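Asks: So the protein sequences, as listed, match chains V and Z.
Sequential numbering from 1 applies to the first sequence in the UniProt record's numbering.
Sequential numbering from 1 applies to the second sequence in the UniProt record's numbering.
Treat the hints with care, as some may be off.
As the list claims (entries may be wrong) - Think about it this way: if two alpha-carbon atoms lie no more than 30 Å apart in a straight line, the pair counts; the simulated DSSO-like pairs of lysine-lysine are:
(1) Z:Lys-124 x Z:Lys-147
(2) V:Lys-286 x Z:Lys-124
(3) Z:Lys-147 x Z:Lys-127
(4) Z:Lys-148 x V:Lys-192
(5) Z:Lys-127 x Z:Lys-86
(6) V:Lys-274 x Z:Lys-124
(7) V:Lys-286 x V:Lys-192
(8) Z:Lys-148 x V:Lys-122
(9) V:Lys-286 x Z:Lys-127
(10) V:Lys-286 x V:Lys-122
(11) V:Lys-274 x V:Lys-359
(12) Z:Lys-189 x V:Lys-259
(13) V:Lys-192 x Z:Lys-86
(14) V:Lys-359 x V:Lys-259
(15) V:Lys-122 x Z:Lys-127
(16) V:Lys-286 x Z:Lys-148
(17) Z:Lys-123 x V:Lys-122
(18) Z:Lys-148 x V:Lys-359
(19) V:Lys-192 x Z:Lys-71
(20) V:Lys-301 x V:Lys-286
(21) Z:Lys-147 x V:Lys-359
(22) V:Lys-274 x Z:Lys-148
(23) Z:Lys-71 x V:Lys-259
(24) V:Lys-286 x V:Lys-274
(25) V:Lys-192 x V:Lys-274
(26) V:Lys-122 x Z:Lys-189
(27) V:Lys-274 x Z:Lys-86
(28) V:Lys-150 x V:Lys-359
(29) Z:Lys-148 x Z:Lys-41
Hints were generated in silico from the structure; no laboratory data involved.
Note that the structure is a prediction, hence the values are computed from the model and not measured.
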Amino acid sequence: MIHNQTMIEQRPAPSSSVGAVAWLRTNLFNGPINTIFTLIGLYILYLLVVPTVQWAFINADWVGTTRDDCSREGACWVFINARLSQFIYGLYPSSEIWRANIVFAMFFSLIGWLAIPRLPFKRWVAIFALIVFPVISFVLLYGGYFDLPKVPTHRWGGLMLTLLLATVGMVGALPIGIVLALGRRSNMPIVKSFCVVFIEFWRGVPLITVLFMASVMLPLFLPSDMSVDRLVRALIGLTLFQSAYMAEVIRGGLQAIPKGQEEAAAALGMTYWKRMGLIILPQALKMMIPGIVNTFISLFKDTTLVMIIGLFDLLGIVQAALADSRWLGFSLEGYVFAAFMFWVFCFSMSRYSQYLERKLHTGHKR
Amino acid sequence: MTQAATNNPGNSTSDLMVEMRGVNKWYGDFHVLRDIYLEVKRGERIVICGPSGSGKSTMIRCINHLEEHQKGEIVVGGVPLTQDVKRIEQIRRSVGMVFQHFNLFPHLTVLENCCIAPMWVQKKPRKEAEAMAMQYLERVRIAEQAKKYPGQLSGGQQQRVAIARSLCMHPDVMLFDEPTSALDPEMIKEVLDVMVELAEEGMTMLCVTHEMGFAKTVADRVIFMDQGQIIEENAPEPFFNNPQSERTQLFLSQILGH
Numbered sequence: 001m002i003h004n005q006t007m008i009e010q011r012p013a014p015s016s017s018v019g020a021v022a023w024l025r026t027n028l029f030n031g032p033i034n035t036i037f038t039l040i041g042l043y044i045l046y047l048l049v050v051p052t053v054q055w056a057f058i059n060a061d062w063v064g065t066t067r068d069d070c071s072r073e074g075a076c077w078v079f080i081n082a083r084l085s086q087f088i089y090g091l092y093p094s095s096e097i098w099r100a101n102i103v104f105a106m107f108f109s110l111i112g113w114l115a116i117p118r119l120p121f122k123r124w125v126a127i128f129a130l131i132v133f134p135v136i137s138f139v140l141l142y143g144g145y146f147d148l149p150k151v152p153t154h155r156w157g158g159l160m161l162t163l164l165l166a167t168v169g170m171v172g173a174l175p176i177g178i179v180l181a182l183g184r185r186s187n188m189p190i191v192k193s194f195c196v197v198f199i200e201f202w203r204g205v206p207l208i209t210v211l212f213m214a215s216v217m218l219p220l221f222l223p224s225d226m227s228v229d230r231l232v233r234a235l236i237g238l239t240l241f242q243s244a245y246m247a248e249v250i251r252g253g254l255q256a257i258p259k260g261q262e263e264a265a266a267a268l269g270m271t272y273w274k275r276m277g278l279i280i281l282p283q284a285l286k287m288m289i290p291g292i293v294n295t296f297i298s299l300f301k302d303t304t305l306v307m308i309i310g311l312f313d314l315l316g317i318v319q320a321a322l323a324d325s326r327w328l329g330f331s332l333e334g335y336v337f338a339a340f341m342f343w344v345f346c347f348s349m350s351r352y353s354q355y356l357e358r359k360l361h362t363g364h365k366r
Numbered sequence: 001m002t003q004a005a006t007n008n009p010g011n012s013t014s015d016l017m018v019e020m021r022g023v024n025k026w027y028g029d030f031h032v033l034r035d036i037y038l039e040v041k042r043g044e045r046i047v048i049c050g051p052s053g054s055g056k057s058t059m060i061r062c063i064n065h066l067e068e069h070q071k072g073e074i075v076v077g078g079v080p081l082t083q084d085v086k087r088i089e090q091i092r093r094s095v096g097m098v099f100q101h102f103n104l105f106p107h108l109t110v111l112e113n114c115c116i117a118p119m120w121v122q123k124k125p126r127k128e129a130e131a132m133a134m135q136y137l138e139r140v141r142i143a144e145q146a147k148k149y150p151g152q153l154s155g156g157q158q159q160r161v162a163i164a165r166s167l168c169m170h171p172d173v174m175l176f177d178e179p180t181s182a183l184d185p186e187m188i189k190e191v192l193d194v195m196v197e198l199a200e201e202g203m204t205m206l207c208v209t210h211e212m213g214f215a216k217t218v219a220d221r222v223i224f225m226d227q228g229q230i231i232e233e234n235a236p237e238p239f240f241n242n243p244q245s246e247r248t249q250l251f252l253s254q255i256l257g258h
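So here's chain V without its partners, still in its complex pose (with noise of 0.2 Å):
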């Protein structure tokens, strides 16, 4: 039997379920309960809001040098513009600022090109700031080449040996986590076990822990002669621990990936390397994401610890500098400040890996 002679058309769905009016009526008022829970969200909103932005901008000092330019009725950012250089480089000698700045805008712009999926060479760059990068801050930053005074490492500090922290905790843990992850799942007794043991041993002591095991114990071990820089110990530590729970979310990865994958690649004739590289990685990592990006954000946030060892990053120096006697009682100024900075980066990190997420969702998964 036929019920319809013709197609009906496509019409566009009624004016009250479209809109604003309607998205409010649907999502925050549809009947008296929600009704009342919008209302009371609305007023704790407003509670936290205005005093909030009161305190940190309408009410704030922003110029000034002392802390008598600050009003003391909202936040005194004199505070923080004052001690921004310290902030940003820690005690980097203020004449050779200009080499960590080379590097950060280096830094920078290397990411942004990366990031951006219009700019051409990605390869190159990838190289580039992988290989050549790291030696150029080096040089820059470290000095003692091309009449360059040295800086020593314990000068280095802030914002910006956060960041050189993170990046390198990130670019040495995501592949040493690969290499423990596909290890952890080998048919090879010794190596499946080293790599059993180091994740669990890593995995099972406190970030702390490692931080003072290197700064303290490590020096016991070594040759007196030979020392190894406090703030290259503190890398190792951080990466090491960092990449044993980066093999984890890795291995979470793999395991997901169906078996006939393997399978298929190994019946093209592929070696455990390219099938790996080729396939099941590059599916792996997509999967992971967000544990990845998980990882690295609380790798960013983990590198505060090193505050314990001596090393003065971003909230170390800003703790630091809380204790000047000319600044007492601006410590809320100076945690807003740190905590806004690491928000920043971590949310970025986010973002951008939703973004990314979206962008390699070739999905279908079969």
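Model the placement of chain Z on the given structure of chain V, informed by the hints.
Replies: Relative to the frame of chain V, chain Z by itself:
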């Protein structure tokens, strides 16, 4: 072939593509393959059938060492299969395999799926690999989908791509592991048509399938397996019309009975 000959001196079986001699395999205590003897000549088309769990898939998966056998000897294209990884990879390059669930690489386009092994395993330049891939995609009548991802295709289309992907390696033997079992009924034909054409071109094929029509049209020999053994082996006509063993008769009556 020269290397194969040196690997296997004094054996005059050069037109034998696959030889299995007394192959046995266990999963733990479970004896999956029991004394398998099988010889496949170049250009021969063999259909393997049998109840599920009878070891058919396991048997053909042993040929390219996706499964390891514990006893017996397997020789592929004159090259004896050993534990040696290089040897295994050499054999796998000459043996194509089509899976029940296609196993296309979902992160690559159809064209890339076909090119990746020629480019990375056989070191062909991209241009050449792509031209060849397009040729095979043409042959399985799916060239117009080359830029799509596997997830955008129907099951039948995916399986044809999988066949093209194998053919791009110019295999000497093709193994089909229930290639139509995961397909919706209306898609089975398009895959079988491609397989029939392949058979007519003289490809050596070992095919695990329950498509008895396909077996009747193209098979030179039909093999019936049960409980890890080859029970019966015959040309299709006597196999279907006059099965010798009781188990074969029962099996055939079950799958042809309705």
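Asks: Compare the structure with each hint and give your call.
Replies: Status of the hints after comparison with the structure:
Restraint check: the Cα-Cα separation between Lys-124 of chain Z and Lys-147 of chain Z comes to about 20 Å, which is no more than 30 Å; the hinted pair holds. Between Lys-286 of chain V and Lys-124 of chain Z, the direct Cα distance comes to roughly 27 Å. Compliance with the 30 Å bound is thereby established for this hinted pair. Restraint check: the Cα-Cα separation between Lys-147 of chain Z and Lys-127 of chain Z comes to about 15 Å, which is no more than 30 Å; the hinted pair holds. For the proposed pair Lys-148 of chain Z and Lys-192 of chain V, the alpha carbon gap of about 38 Å is over 30 Å, so the pair is violated.
A C-alpha spacing of about 27 Å is found between Lys-127 of chain Z and Lys-86 of chain Z, which places the hinted pair at or below 30 Å, so the restraint holds. Between Lys-274 of chain V and Lys-124 of chain Z, the direct Cα distance comes to roughly 15 Å. Compliance with the 30 Å bound is thereby established for this hinted pair. For the given pair, Lys-286 of chain V sits about 24 Å from Lys-192 of chain V by alpha-carbon distance, which is consistent with the 30 Å threshold. Restraint check for Lys-148 of chain Z and Lys-122 of chain V: satisfied, since their Cα atoms lie roughly 24 Å apart, inside the 30 Å limit.
For the suggested pair Lys-286 of chain V and Lys-127 of chain Z, the alpha carbons sit about 27 Å apart, so the restraint of at most 30 Å is met. A C-alpha spacing of about 18 Å is found between Lys-286 of chain V and Lys-122 of chain V, which places the hinted pair at or below 30 Å, so the restraint holds. Straight-line distance between C-alpha atoms of Lys-274 of chain V and Lys-359 of chain V comes to about 24 Å, which keeps the hinted pair within the 30 Å bound. Distance hint between Lys-189 of chain Z and Lys-259 of chain V is fulfilled; the C-alpha atoms sit about 27 Å from each other, no more than 30 Å.
Straight-line distance between C-alpha atoms of Lys-192 of chain V and Lys-86 of chain Z comes to about 22 Å, which keeps the hinted pair within the 30 Å bound. For the suggested pair Lys-359 of chain V and Lys-259 of chain V, the alpha carbons sit about 25 Å apart, so the restraint of at most 30 Å is met. As the CA atoms of Lys-122 of chain V and Lys-127 of chain Z are separated by approximately 22 Å, the hinted pair is consistent with the 30 Å bound. Between the alpha carbons of Lys-286 of chain V and Lys-148 of chain Z the distance comes to roughly 19 Å, so the proposed pair stays at or under 30 Å and holds.
Straight-line distance between C-alpha atoms of Lys-123 of chain Z and Lys-122 of chain V comes to about 24 Å, which keeps the hinted pair within the 30 Å bound. As the CA atoms of Lys-148 of chain Z and Lys-359 of chain V are separated by approximately 16 Å, the hinted pair is consistent with the 30 Å bound. Our distance criterion of 30 Å between C-alpha atoms is met by Lys-192 of chain V and Lys-71 of chain Z, whose separation comes to about 27 Å. Only pairs whose Cα atoms come within 30 Å are accepted, and Lys-301 of chain V paired with Lys-286 of chain V is accepted, the gap being roughly 23 Å.
Taking the CA atoms of Lys-147 of chain Z and Lys-359 of chain V, the gap is about 17 Å. The hint holds against a cut of 30 Å. Between Lys-274 of chain V and Lys-148 of chain Z the alpha-carbon distance is near 23 Å, which keeps this suggested pair within the 30 Å criterion. Taking the CA atoms of Lys-71 of chain Z and Lys-259 of chain V, the gap is near 25 Å; set against the 30 Å cutoff, the hint holds. Distance restraint check for Lys-286 of chain V and Lys-274 of chain V: the Cα-Cα separation of roughly 17 Å lies within the 30 Å cut-off, and the hinted pair is therefore satisfied.
The hinted pair formed by Lys-192 of chain V and Lys-274 of chain V meets the criterion: a straight-line CA distance of about 20 Å does not exceed 30 Å. Distance hint between Lys-122 of chain V and Lys-189 of chain Z is unfulfilled; the C-alpha atoms sit about 45 Å from each other, more than 30 Å. Taken as a hint, the Lys-274 of chain V and Lys-86 of chain Z pair is honoured in the structure, with Cα atoms around 14 Å apart against an allowance of 30 Å. At roughly 44 Å between alpha-carbon atoms, Lys-150 of chain V and Lys-359 of chain V are farther apart than 30 Å, so this suggested pair is violated.
Distance hint between Lys-148 of chain Z and Lys-41 of chain Z is unfulfilled; the C-alpha atoms sit about 37 Å from each other, more than 30 Å.
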